[in-house]
Structure formats: C-alpha cells, structure tokens
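2 protein chains.
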Amino acid sequence: MNGAQALIRTLVDSGVDICFGNPGTSEMHFVAALDDVPEMRGVLGLQETVVTGAADGYARMAGRPAATLLHLGPGLANGMANLHNARRAHTPVVNVIGDHATYHAKFDAPLQSDIEAMAGTLKGWVRSSTETADVARDGADAVAAARATPGRVANLILPADVSWGDGGEPAAAVEPTPATEVSDAAIDEVAAAITSGEGVMILLGGSALREPALMAAGAIAAATGAQLVAETFPARIERGAGLPVVPRLGYLAEQVEAQLAGIKHIVLASAKAPVSFFAYPGRPGDLVPEDCSVHTLAGLGDDVTSALQRLAEKVAPGAEPELQQPWLPEMPSGELNAHAMAETIACTLPENVIIADESNTSGVSLPFTTAGAPRHDVLTLTGGAIGQGMPVATGAALACPDRPVLNLEADGSAMYSLSALWTQAREQLNVTTVIFNNSAYAILRMELERVGAEPSGDKAGELLDLSRPHIDFVPIAQGMGVPATRATTCEELAEQLRAAYAEPGPHLIDAVLAPLF
Amino acid sequence: MNGAQALIRTLVDSGVDICFGNPGTSEMHFVAALDDVPEMRGVLGLQETVVTGAADGYARMAGRPAATLLHLGPGLANGMANLHNARRAHTPVVNVIGDHATYHAKFDAPLQSDIEAMAGTLKGWVRSSTETADVARDGADAVAAARATPGRVANLILPADVSWGDGGEPAAAVEPTPATEVSDAAIDEVAAAITSGEGVMILLGGSALREPALMAAGAIAAATGAQLVAETFPARIERGAGLPVVPRLGYLAEQVEAQLAGIKHIVLASAKAPVSFFAYPGRPGDLVPEDCSVHTLAGLGDDVTSALQRLAEKVAPGAEPELQQPWLPEMPSGELNAHAMAETIACTLPENVIIADESNTSGVSLPFTTAGAPRHDVLTLTGGAIGQGMPVATGAALACPDRPVLNLEADGSAMYSLSALWTQAREQLNVTTVIFNNSAYAILRMELERVGAEPSGDKAGELLDLSRPHIDFVPIAQGMGVPATRATTCEELAEQLRAAYAEPGPHLIDAVLAPLF
Chain P
0 MNGAQALIRT
10 LVDSGVDICF
20 GNPGTSEMHF
30 VAALDDVPEM
40 RGVLGLQETV
50 VTGAADGYAR
60 MAGRPAATLL
70 HLGPGLANGM
80 ANLHNARRAH
90 TPVVNVIGDH
100 ATYHAKFDAP
110 LQSDIEAMAG
120 TLKGWVRSST
130 ETADVARDGA
140 DAVAAARATP
150 GRVANLILPA
160 DVSWGDGGEP
170 AAAVEPTPAT
180 EVSDAAIDEV
190 AAAITSGEGV
200 MILLGGSALR
210 EPALMAAGAI
220 AAATGAQLVA
230 ETFPARIERG
240 AGLPVVPRLG
250 YLAEQVEAQL
260 AGIKHIVLAS
270 AKAPVSFFAY
280 PGRPGDLVPE
290 DCSVHTLAGL
300 GDDVTSALQR
310 LAEKVAPGAE
320 PELQQPWLPE
330 MPSGELNAHA
340 MAETIACTLP
350 ENVIIADESN
360 TSGVSLPFTT
370 AGAPRHDVLT
380 LTGGAIGQGM
390 PVATGAALAC
400 PDRPVLNLEA
410 DGSAMYSLSA
420 LWTQAREQLN
430 VTTVIFNNSA
440 YAILRMELER
450 VGAEPSGDKA
460 GELLDLSRPH
470 IDFVPIAQGM
480 GVPATRATTC
490 EELAEQLRAA
500 YAEPGPHLID
510 AVLAPLF
Chain C
0 MNGAQALIRT
10 LVDSGVDICF
20 GNPGTSEMHF
30 VAALDDVPEM
40 RGVLGLQETV
50 VTGAADGYAR
60 MAGRPAATLL
70 HLGPGLANGM
80 ANLHNARRAH
90 TPVVNVIGDH
100 ATYHAKFDAP
110 LQSDIEAMAG
120 TLKGWVRSST
130 ETADVARDGA
140 DAVAAARATP
150 GRVANLILPA
160 DVSWGDGGEP
170 AAAVEPTPAT
180 EVSDAAIDEV
190 AAAITSGEGV
200 MILLGGSALR
210 EPALMAAGAI
220 AAATGAQLVA
230 ETFPARIERG
240 AGLPVVPRLG
250 YLAEQVEAQL
260 AGIKHIVLAS
270 AKAPVSFFAY
280 PGRPGDLVPE
290 DCSVHTLAGL
300 GDDVTSALQR
310 LAEKVAPGAE
320 PELQQPWLPE
330 MPSGELNAHA
340 MAETIACTLP
350 ENVIIADESN
360 TSGVSLPFTT
370 AGAPRHDVLT
380 LTGGAIGQGM
390 PVATGAALAC
400 PDRPVLNLEA
410 DGSAMYSLSA
420 LWTQAREQLN
430 VTTVIFNNSA
440 YAILRMELER
450 VGAEPSGDKA
460 GELLDLSRPH
470 IDFVPIAQGM
480 GVPATRATTC
490 EELAEQLRAA
500 YAEPGPHLID
510 AVLAPLF
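Protein chains in written order, with numbering that gives the first Met the number 0: chain P, 0 to 516; chain C, 0 to 516.
Next up, chain P with everything else stripped away, as it sits in the complex:
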C-alpha cells in the first residue's frame, strides 16, 4: 500500500475515523486513499476555518480527535484561527497538512511556505514525515500527541511523495494517555484551605465541567460553603436542570472583581487563575486579589474528576450536591431584544441540546435564562478568535447525530465562517442557527468606551458598524441550501425554533434586533 493508505488505516485503528478537509493537488493521493479505508469518513468544508473549527467541535463532543486535511501552508493558515481556539480548548486535533514532494521544496514553487514554523505557533506537536515507510508511525505519534492530557493540536506534514510512495505499513494503534493522578499532598492542601472558614472559590475547567466532576464539586460546595465557578470560556460545560449550579467567571474585570469579593482562597480544578481577557489602561491584568491565595487541586494534565471525588470524600463525606431545579422564564412576547431572545430560546430549548454559543454581546442573558432549562451542553469561544460557532456546531452535530444542535451566532462572527452552512446542508445535520442580528460589532462599541478611546469624529464608529448595508442572512443561508426564516418578534422566534427542531436537517433563523450599544 502507499503512504496515504497506511496513514489512514492507522488513524482509523487509533480511533480517528472522520476527516474534515479541503484538499488540493498535493493531497490527491490521500483523497484517493479514502476509498481504500471504508471506516474513514470524509467531510468537505469550503474554507479551512470550517474544517478546523468542525474538528474542534467534533472532538469536544466525541471525546476523541478528528483528522483534518489541509492544503499546504495557505490551507493551514486559513484554519489557524480555529486551531487557536482548539488549542485554548485543549481539544485534540490531528492535522494532516499536505506539502510539496520532498524533492520539490528546493524550487520554491508558488505554494511553498514554512509550514513547520506556522504550525509551531500552536505550541502542540509538529512533524514533517520524510519516508513512506515511516508515515503511518508518524501518524500514530500524531494521534498520541493529540490525545495527551490535556489535548493538543498535532500537525503531521505530509509531502506528496511520502503520500504516493509505495511501501507504507500500518502502525500499531494508539491508546489515549491516561491523566495523571493528583498527589495526596495536593488534596490535603486544598482541604485545609476549604475548611479554613475563609471565603473559597473553586474554579472549574476542562473535565471538571462534566457531570461526574460537577457532582463531586457540588457535594463539596454543599458541605463547605465553597463557591463553584466555571472558567469564563469553557470548551464544554454540562448544565441545566438536575446538575449543580455553576455560574461562569465574568468576561469583564469588573465582574470578576465582584465575584471574588470576600474570597481568600481560589482552588484551581483544571482551570487557570483569573486574568483579564484584554489589558485596559490603568487596570490590573492579574485578577487574583492581593490577599487571596491560589491552590492548584488539579493541573490541566491531571485527573481532575478523581481529584474532586477524593476531595469530596475528605471534606464532604456523604454530602449531596444542591441541584438546579427545573425552571423557565416566562415566555416573552412582542418585539425582540437581546434579553427577550434569551428568554425565548430558554422557553423552547429541547432536551439534551448542544449549544454552540458565539452570541457574544447579545447573549449576555443566556446563562441566566437557560440555567433551569432541560439539561444541555454549551460549547464556547475558547480562544477569542471569532468565527468559531458555525464550524463547531457542524462538528458537534457530526459527533452526536442523535442530539439537536443550537448555534447562537452574533452577526459579525457569523460572517467569518458562513460556508459552514453549506457543509451542514450537504451532511443534513440537525443544526439550528440563530443569528443575533444587531447590525454592529456591538462588543467593540462597548470596548471602545471601556478602553477610554474617545473618537473625535465618525470614522471610528464606522469601523464597528454592520448596518450599511444590513446583512440579510435568510437569502445567504438559502443560497447554501439551508432553509431560513426571519424573526422580529418573540412569537415568531419561538414558532420558528420549534419548527426547526421538529424537522431534520439544518435551519437558520435571522433574528433581527436593535443594537445593544
């Protein structure tokens, strides 16, 4: 078999059986080899930001990596922003980046670029495969690197001649590396802080936001009065009725300050100590109060679930977590505004939905209105690189074909990766996209004020404005094969949401609302 066939066989044997891709000439043998390994599913994205974002969303829900197929340096470049988000989510991703044949590099042909240097900025794993006989083993190493704890972005650069060469041999399958057990000493230190009688916040991230860990954390909170808070932008958080209530750390430094008032101990459970998302003139970047100590219960590579369970046994034996009761806001009516939208979404939320949330400014009410809604997962914008929501929703829907996916999208962010809609139509995915269409980069209007920049004219504001022309997402979605409707009232939105959930395949609702700022 050739290198591509051996590589794909090895990926599949190691549990990587879906490949999001946008190939070019240098990847043609890899593409042809997809037909030789029937277990590998190929999914086409029409721009690499869709490809990599979908791989991120897939792995967040499936718990194992997808592969991507990218066309040399420019293909990787187009996918970098969502790989940045995947890196910040600690999502395992296996990128297969096609390259010129090894002997062709010296000609500096038009598509030549320094792929290794670019991939290196992801701080994950990078290797350029040089021999057909080794490429499958390189692929297995890539999977192993991606599936380390925490997950990483692994980049396997695949020269065309290594792919098409004969003499490929599948490599042994790779098992995921187990997370490290936390030491008793770490548990003891945290236990002492938690039982000190002083204010304690347990900051939960990564797997600590999944049910088993949440239940243990909830028991600890119930028994000790410690506050549970989730990291600001979780890769995946399980929430809703029947689970412990875990608010998220605020995005703005002022919010975090309020949340940390009276806290003397921050306990990190697979989370990082709070820092400001951006710097602001005259304000601190490190948000940990001076009189507050930080204790690490579990680092990013540690088994945080077992650590929380062991801590619970120690400080909260027999305690039961306080669970969120089912609760919904009153169904609103009349004109849509951001808050009414969040209420309408909560009131219509189906069981077991996956929410890919890139609603940004307009979505501030959502965590509150949906707190007691039927149980659901939320996937958030982990790395701040907008354009993540539509691709992540696409990948999540492929990972969980039996669950509905709700993609909440800001208009500005939606424009970054629109063509994900086409992939949703092609694969007939159960994704309902709601555009929070306020015709503005509303968050930047707020930030312009917050950073103290005072424009003296209209040009600055123009760069934050999306109203000239207004973007009409209904025909855009229809042009890519996704049925779409427009909602301007709560009643319309509710009706359209229910209809979208009820009918298989993708739908888009363009919810037009007044700008917040």
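Please keep in mind that the hints were generated in silico from the structure rather than gathered at the bench.
Treat the hints with care, as some may be off.
A pair counts as met if it fits within one copy or between any two copies, since identical chains are not told apart.
What the hints assert, rightly or not - Straight-line C-alpha distance at most 30 Å; calculated DSBU-like pairs for lysine-lysine:
#1 K458 <-> K122
#2 K263 <-> K105
#3 K313 <-> K105
#4 K271 <-> K122
Following the hints, complete the assembly by docking chain C onto the known chain P.
Leaving out everything else, chain C in the frame of chain P:
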C-alpha cells in the same frame, strides 16, 4: 499625541493613506485615532482574508502600499493566505497587527499567540514596537521595508499600551527605494545570447509586464525573433489591443515543455526560471530543458524597465514592436460553456477594465478570447492560495475608482472570501463579479487524474464535488447588498454584463455552466 495618532500621521505622510481593517479591543485606540488624521481612509472587511487581499489588490493598482489593521495572532492568521499571495506578487503591504499591552503578555490570556513567528513565515519584515516614542519611526521603517524593490509584506506589531501611550511623535516621511540599475555586463551577456541565432525566450515578470517595459521587449522581439512570454501568474499584466502580444507561461508542465521546444536561452526579466507548480510522480520539477541556458537580465530587485530599454538600444535600435490589433471573437449564442463564456466576456469587455482573474479551470480560454480586446489589466492568483479574487477586486476598485473592475471567480474559490461582496456594497465599488459556477473543484478532478491517483470508490470524488447542494450565488450576493442575476445562456450573460458595467456600484452574475471534468 498618543502612539496610534503618531503612527497614522506617519503612514499618511509616507503615502499610505488607506487602511483595510477588522479591529478588536486591542486596536480601539488605533481606530479612534483614524478620526484624528482625516487623510487616512478606513475600510472595513468582515474577515481578514478580505482585508489582506484588498490591500494586495490596492497596491497592485495604486503602486503604493495600503495598511491593514489586524486583531492579534488570529486576525493575522485569517489574513495569511492572501498575504502569501501578496508575498508571491511582491506587493508592498504594511500590516499593523494589534497585540496585548506589553505587560499583559505574561498572563497568556486567551488571545495570546506567537505573532512574530507567524508573521516571520512571510519572509518580509517583522518588528514588535515596544515604546510609544518609537512607534512612528517603526511605522516609517515598515513602509520603507514594504516599498523596497521588490515589494514586501511588512508586519508592525502594535501592543495596545504602545498605541494608547502618550508621547508619540510623527517620524519623517519615507520615500520608496529606487530599483537597482543592471550592470552593462549583464546586458552584454543577454545581448550575446539573443543575437546567437539560437532559440530565445524572454520571460517577463513584475514591472516588465507594464507598458514601458513591454514596448522595449516588443522591439527586441521584433528585431531578433526572441519569443516573449509572461510568467504564469503575474501580479499585474497590461494587455489587449495596442500592446505587444505576450502569452503566459503554461500552468501545466506539459504546456511549458511545448512552449520551450527549441529554446536554447531563457532570459529572465524580473521573473524566475520555470518550475512545476506541483510535483507529479515521475515528472521533473525544474522545467528548464537540459540543453537550455538561463541568463538573468534583471533580478526581482533590479530596474527591469531600464534594462529592457538598454537591451533594446543595443540589439534592436530603431525597431518597432509588433502590436496586437483590435480583434474580438464572434459573439456566441445559446447555452453557456466555459469557452462560450470567455468569448462573451471578451465581446463585452469595456475600455480600460481591470480584470481580477480567479476563474481557474473554467477560465482557460480567456487569455485567447481577450487577446485583442480593448486594453486592460489582469491581476492573477500569484501564490496559489484560493480566495484571492474577490478581495483583490475590492482593493483594485478602491485604487482606481474611475475604472471598471471585472472579477472572474471560480465557484470554489468564491466561497473562500464571500464577504468581500459586503465591502463592495458598503463602498459602492464598480466591481462586476462573474461566478464560473460549475459545481465542482474542477481543477482537482483534472489533477486527481494527472497525479495518477486512482480512487476505488466514490468518496474521493465527493470531496471534489460542489453540486450537493448546488450553491446559488444570487441570493448570497443579495443578502450582502450586491444586486445579482443568473445567466444560463450567452445572450443572458452578455446582457447582464452590459447592464452591470453601465450601472455604478457592485453587481454579481452567477453564470451556471456544465462541469468541464
């Protein structure tokens, strides 16, 4: 004044007076400062690939760089593919890449990444500004680096505190570096080759494809029988009735082989020696025949126009170039196919149009059908990273508001940077976009065959197919504020083209044709 104000003032003084951008929080002071320097125009792009591609198109036509404003590493990443194309076009670009405040980097906040390493892959100029007092000088250095000969991509990383800090001082304006004069010895060597009586090809690139150089090259060809050939993917070529006829070097190695039959001397005039765009099993990458010698008349940094004029004085004194006579194909009728489309476009071509050509496979006939059309410029896909056409057309229209712009787009490539249409609508640019809609990555169907990859099933073909669902560009364009129509016959296409040229502002024509492969 603050750093941002001093920087923008310096850019304007150095001839950089348009800034394509998509800002974020870290760029808010730069955005506010746009109002303090009225000469700087801000143009919003809804994804950075539009921003950087527009800067490329602008500079190709204006002959001086635009600035871009990009939001940290992910903003740069999204713009990298079109910066790769700009690099390969030797286009001067001044990227201003916002970054966290200098003191904020240590917190590794979510948007932190290695911007310098990523920018470094463009092999241009990179500097991170560290002091407000120096930022204007850093900006001037960036302009100087960009305007070197050949042009480069200069990357100025601008930390938020350097931007908002007080004590900025405008720096002295920068003048472009003149190109280097070629030595007499080089002229003599080439003159000897050209008058040897053996087959000669003069390969023209860069400024050698503009009128003054073309006229000198044409005189040389007329007097000596040397063949003139343009590089495969020129950044900008002037052509049409009244200019010397210069066919382009083929994209496929087989075509180049035919063009080089009998050639014993290749003379490089601001072009590189021919290499294969991709590697193919068992075929050479270096396309220069073994018995052919290569002579450099002018390197990329040399004054190629003066070199060709001096060479003409030596080997062709008093000779006149053979000029293309006005000629149009017969106006076709009936169903659209790729060739009939190219004829229809030629027959309706307005005077002095700028063609941004990313028609790929479907556009193979265009160079022939338009050879005798009214004089025009063609801007091509220099680096092979698709998604360049719509942004380049956008920038070209801003550089030349009095000229019509025709953007010929393959459907697959169009999906890479769709939102350029919104910027065209916002700025009411005279861009007519024609989608060559064949519902396929047709070039890859051809390449799959050419590389000798033989798929054993349907999965490979699926990854090259855009027909499921068919993409309807009419509503997509309309949703972004661009009037759009569909053409399925030559008559419809001709009528719609004429109407689009006649009415100010952008238009899109979705020309639906049968797949070539």
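Next item on the list: With 30 Å as the alpha-carbon cut-off, assign the pair K263 and K105 to within, between, both or neither.
Entry: between (60 Å within a copy, 23 Å between copies)
Next item on the list: Please work out whether the CA atoms of K313 and K105 approach to 30 Å or closer within one copy, between two copies, in both situations, or in neither?
Entry: neither (63 Å within a copy, 35 Å between copies)
Next item on the list: If the cutoff is 30 Å on CA atoms, where do K271 and K122 land: within, between, both or neither? Let me know, please.
Entry: within (17 Å within a copy, 35 Å between copies)
Next item on the list: State whether the alpha carbon distance between K458 and K122 is at most 30 Å within one copy, between copies, both, or neither.
Entry: neither (38 Å within a copy, 33 Å between copies)
The structure does not agree with the numbered hints 1 and 3 stated previously, though it agrees with the rest.
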